[in-house]
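Number of protein chains: 2
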Amino acid sequence: MRRRPFIDSHLALAIVTVCGLITLEARGQQSSRLGWLDPYREPASRLIGEAISDHFAWRRLAELTDTFGNRLSGSENLDRAIRWAAAQMKSDGLDNVRTEKVMVPHWIRGDERLEIVEPPRHTLAMLGLGGSVGTSGIEAEPLVVRGFDELDQNAARAKGRIVVYNVPFTAYNETVTYRSGGASRAARHGALAVLVRAVGPAGLRTPHTGALRYEDGLPQIPAAAISSEDADRLQRMQDRGTRVRLRLIMGARMLPDAESANVVGEIRGRELPDEVVVIGGHLDSWDVGAGAADDGGGCVVSWEALRMMKKLNLRPRRTVRVVLFTNEENGGRGGLAYLEKYRGELKNHVMMMESDSGVFRPVGFGFSGPESGRRILGDIATLLRGVGADRIFMGGGGADIGPSVREGNIPALSLNVDGNYFLIHHTPADTVDKIDPNDVARAAAAVAVMTYVIAEMPQRLGIESQ
Amino acid sequence: MRRRPFIDSHLALAIVTVCGLITLEARGQQSSRLGWLDPYREPASRLIGEAISDHFAWRRLAELTDTFGNRLSGSENLDRAIRWAAAQMKSDGLDNVRTEKVMVPHWIRGDERLEIVEPPRHTLAMLGLGGSVGTSGIEAEPLVVRGFDELDQNAARAKGRIVVYNVPFTAYNETVTYRSGGASRAARHGALAVLVRAVGPAGLRTPHTGALRYEDGLPQIPAAAISSEDADRLQRMQDRGTRVRLRLIMGARMLPDAESANVVGEIRGRELPDEVVVIGGHLDSWDVGAGAADDGGGCVVSWEALRMMKKLNLRPRRTVRVVLFTNEENGGRGGLAYLEKYRGELKNHVMMMESDSGVFRPVGFGFSGPESGRRILGDIATLLRGVGADRIFMGGGGADIGPSVREGNIPALSLNVDGNYFLIHHTPADTVDKIDPNDVARAAAAVAVMTYVIAEMPQRLGIESQ
Chain A
4 MRRRPFIDSH LALAIVTVCG LITLEARGQQ SSRLGWLDPY REPASRLIGE
54 AISDHFAWRR LAELTDTFGN RLSGSENLDR AIRWAAAQMK SDGLDNVRTE
104 KVMVPHWIRG DERLEIVEPP RHTLAMLGLG GSVGTSGIEA EPLVVRGFDE
154 LDQNAARAKG RIVVYNVPFT AYNETVTYRS GGASRAARHG ALAVLVRAVG
204 PAGLRTPHTG ALRYEDGLPQ IPAAAISSED ADRLQRMQDR GTRVRLRLIM
254 GARMLPDAES ANVVGEIRGR ELPDEVVVIG GHLDSWDVGA GAADDGGGCV
304 VSWEALRMMK KLNLRPRRTV RVVLFTNEEN GGRGGLAYLE KYRGELKNHV
354 MMMESDSGVF RPVGFGFSGP ESGRRILGDI ATLLRGVGAD RIFMGGGGAD
404 IGPSVREGNI PALSLNVDGN YFLIHHTPAD TVDKIDPNDV ARAAAAVAVM
454 TYVIAEMPQR LGIESQ
Chain B
4 MRRRPFIDSH LALAIVTVCG LITLEARGQQ SSRLGWLDPY REPASRLIGE
54 AISDHFAWRR LAELTDTFGN RLSGSENLDR AIRWAAAQMK SDGLDNVRTE
104 KVMVPHWIRG DERLEIVEPP RHTLAMLGLG GSVGTSGIEA EPLVVRGFDE
154 LDQNAARAKG RIVVYNVPFT AYNETVTYRS GGASRAARHG ALAVLVRAVG
204 PAGLRTPHTG ALRYEDGLPQ IPAAAISSED ADRLQRMQDR GTRVRLRLIM
254 GARMLPDAES ANVVGEIRGR ELPDEVVVIG GHLDSWDVGA GAADDGGGCV
304 VSWEALRMMK KLNLRPRRTV RVVLFTNEEN GGRGGLAYLE KYRGELKNHV
354 MMMESDSGVF RPVGFGFSGP ESGRRILGDI ATLLRGVGAD RIFMGGGGAD
404 IGPSVREGNI PALSLNVDGN YFLIHHTPAD TVDKIDPNDV ARAAAAVAVM
454 TYVIAEMPQR LGIESQ
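Chains as they are written, first to last, in this note's numbering: chain A, 4 to 469; chain B, 4 to 469.
In isolation and in its complexed conformation, chain A is listed as follows:
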């Protein structure tokens, strides 16, 4: 009767001992594998502490968006925001602060109105799409379709109508095809104009603007966004057999290109100043809302990484450069201008990072680049467990850094966040109150730590050297 327990307890002890040894072994392996991070633990904790202990970054974002409002390319608002940002960077003590001239498309919305004329006349919420041509007035019956297939099946009925794309939002990359390509697709069938259901989840009678692209060789017809509510309503009226007439007036037009600029500031590298780590977002926005999530926040958290390094006297081995790009929304000229200006130096670009998904709860970074780089980023991200931003996802980059990244084959990162970005994206509701100051602080901490270590570590990201 006493043997079994005795044997059992010995067995249990043995198991515990073995497990303990395995655990210690694993910790030892991890510890030795992450040992290379030890020199960066203290600066990382200082950067995190600086970011989290204050809401400076949110206040700066509020000042930017409150003061200058929305910032469409070519607008005085953007020009003044650019001058303000450069002045602020100088007062932060950044190195080599400058604005780099970029000629940008200058589209203006003008007055616009969409009415149901019959049944009784009243206006609908709408926003012309960026780049659309205007119209002094188109009055026609709508043809509501649930997608391109249904349009093509009803091609004969599209002629002389206003085509309404009633496609519920699924994923941005899917649904945005109706906004970007819907006008030309309908023009091919003789439509007079198109209305595109908001590319975003259902809001509060909220249309979402954004860029369209006219195909060569087809008539350019006016295009506007309507709310999900009105798209569904026009669908119901059509299904019910109600005869509807719409009237669309849009004062939109394209003016000659205007002068704008990327805003650039640096922390010059301590040992390898010609090797550059570039981080940034875009300062321009659509002409509604305040461009807070898209992309004032991305600008501020990138900029904040440099401000904090400067304040904490952290000058890494390589140069860290923040770029607030212009004209991401309707031309991408800021990113192209950066490529043109720095084409000869791309080989010295160690990494480029863009933050343009809103500044909500940061969860980590997207990465495109060599596998060796992914392993290093995964290691660095362990420093960000406390701020919850320690995951590395497949695929990084951004519209502004894209041209340089592609041409220079540069490792590319993006800040990845978790939030309801597309509810407010390209709408009047993209304002700073939607953004949690603690999320901005955590995002700034994440960008700062990731950037600092990449700029400071002896090995170059993506080059096998360990």
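Identical copies carry no separate label here, and so any pair may be met within one copy or between two of them.
Each computed SDA-like pair below joins lysine to any residue, with the alpha-carbon atoms no more than 25 Å apart:
{"no.": "1", "residue 1": "314", "residue 2": "243"}
{"no.": "2", "residue 1": "93", "residue 2": "123"}
{"no.": "3", "residue 1": "104", "residue 2": "122"}
{"no.": "4", "residue 1": "344", "residue 2": "82"}
{"no.": "5", "residue 1": "314", "residue 2": "441"}
{"no.": "6", "residue 1": "93", "residue 2": "244"}
{"no.": "7", "residue 1": "104", "residue 2": "346"}
Calculated directly from the structure, the hints in this document are not laboratory data.
Put chain B on the given structure of chain A with help from the hints.
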């Protein structure tokens, strides 16, 4: 060792038996107390079945709000909705369908715009308040205050300014005082105009319109609603010391009174046709949104009670009358006209019910009247347990039935619901998609059963007779 279980099981049996007897006794008491409801159980279940088995009511609400859109007093939209409703009631087979003429105020919004002129010019979301005077343009600095107290403390600074009431939404009855009385309060101190933070929870840059009331003897100054986002933003700019200039343009004006009408339909009583149970909502709305929650839904669920009684051949002892009132939003003339027309018959008004809190999940009824009536309503409400609308709350009534209820001392009910009414109240987002077809069905069932039993039962509600 065997006794205890034996004793225990006897004890348990005894407890079970006693509990069972208590339960049976309670059931017996309840059964006998609710025995008077037995004749109404079968018609109640038929009404509930009719309502719940179909989405007819929601589809009717969608047709009303899709086709006629918003329906401000004096508008062609409202006129046509009135004619449509009367025609539909006739085709439902209701008795004595008629429109009863009401002269109503005719306020129109006109074009309107609020801009920040400096820092750089851009527009803010706004909605003029109903009844406001217009302005061809007022340009002034804002004075942002957090309430009337802060306004009074800064009275000397209000002169020549646009006063901004930045008062976060708490309860409607509290916060609405700034919308209704804020203009005159600021005019007293020499303000040129007022902007009122949206009376509703934070939306998506969503101003809420609604009526204001000018005090006699004070200048009438323009008043508009702004979003919570912009109210907080102007507050931050003031706190930051940023100099702001606003420009307000409003084409609002009051035209001569216009002809409108209450729409009335009935199920004539089988035995006591002169005793009347009145139920209704208001067909007019503000000139934004589609007046779906406020108050197309209240109209439809009230009307639905009669349509279902007719369809099911349920003709109660007393007359049931549905009234779709006009001009609840900006004058209350429909409710006043009802009182004028039926003043001599108020003594035969057994009960009046108004549904004007949106048609969200119904939870029961508010009641104002004698305690004996409350007990009877509580009994009837047990028939509505299955639809979840079985609670009787203190206080019932509504703006339209109010004048008659007060003058005739008539027992008053309201349909009580649980939903985010004030998020969309008086905004462009008050559209039918915010309303669940199942909630509309349940609300129609609740109104129908409550109304039917009150009209059918031998005793008159509120008269001690049991």
